[in-house]
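Q: Sequence:
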Amino acid sequence: MPVTGEYEPSPSARVRKHVEEMETTGEPTNTPLGRPIVVMTFHSRRSDKVHKTAVMKVEHEGTYALVASKGGSPQHPEWYHALTQHPEIDLQDGTEKYALRIREVHGAERSQWWARAVEAYPPYADYQRKTDREIPVLLAEPA
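So that you can map any letter, position 143 of the sequence shown is 171 in the numbering used here, and since no number is skipped, the others follow by simple counting.
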């Protein structure tokens, strides 16, 4: 089921640009290290408004990993908290759109997905070294 409601654009100009480009062309420019991204649409945990953000594309057999790195910050990104409260999202990969459900992975499953994430975007390894928290990995799977 699509995520619907009042849309509140990101305060970040970079995120707004990525979202707009993805929605209009399916190919955003100037992505981190030239690596592909996906855009997720979700409900905010506080306002219940619809938010959109771009994350690095980590995909395997139709399942996407969402890495809550926040660049190695000590805190989780706000979207992590929103997804744990509202686990249904829409995800756009290029011009394809999917309704997906979120679950957090741990243990061996997390390790497997973490390796895929670092392969897709090597700076994740540096982000983990910068923080004391274990960076969460959430899987987005068909609803």
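Hints in this document: simulated from the structure, not taken from any laboratory. Think of the CB as a built atom: it goes at the ideal place given N, C-alpha and C, for glycine as much as any other residue. It is possible that part of the hints are untrue.
As the list claims (entries may be wrong) - With a Cα cut of at most 25 Å, we get these calculated SDA-like pairs of lysine to any residue:
no., residue 1, residue 2
1, K125, E162
2, K45, E124
3, K125, A153
4, K85, T59
To be verified - Beta-carbon label-pair distances, calculated as ranges:
no., residue 1, residue 2, range
5, E87, T57, 28 to 36 Å
6, T32, R157, 36 to 44 Å
7, G90, N58, 23 to 31 Å
8, E89, H134, 31 to 39 Å
9, T53, E137, 33 to 41 Å
10, G90, R63, 28 to 36 Å
11, H134, T57, 15 to 23 Å
12, P102, S40, 27 to 35 Å
Q: The structure should be examined with respect to each hint, and the outcome stated for every one.
A: Tested hints:
1. Annotation: proposed proximity of K125 to E162 is violated, straight-line Cα distance about 29 Å (limit 25 Å).
2. Distance hint between K45 and E124 is fulfilled; the C-alpha atoms sit about 18 Å from each other, no more than 25 Å.
3. At roughly 29 Å between alpha-carbon atoms, K125 and A153 are farther apart than 25 Å, so this suggested pair is violated.
4. As the CA atoms of K85 and T59 are separated by approximately 11 Å, the hinted pair is consistent with the 25 Å bound.
5. Hint check: E87 to T57, Cβ distance near 20 Å, so the stated range 28 to 36 Å is violated.
6. One distance hint, 36 to 44 Å for the beta-carbon pair T32 and R157, holds here, with the actual separation near 39 Å.
7. Here the CB-CB span from G90 to N58 is close to 27 Å, well matched to the stated 23 to 31 Å.
8. Checked against the hint of 31 to 39 Å, the pair E89 and H134 fails, with Cβ atoms roughly 20 Å apart.
9. Separated by about 34 Å at the C-beta atoms, T53 and E137 satisfy the suggested range of 33 to 41 Å.
10. Taking 28 to 36 Å as the suggested C-beta distance range, the pair G90 and R63 does not conform, at roughly 19 Å.
11. Between H134 and T57 the CB atoms are about 36 Å apart, so this pair departs from the stated range of 15 to 23 Å.
12. Separated by about 19 Å at the C-beta atoms, P102 and S40 break the suggested range of 27 to 35 Å.
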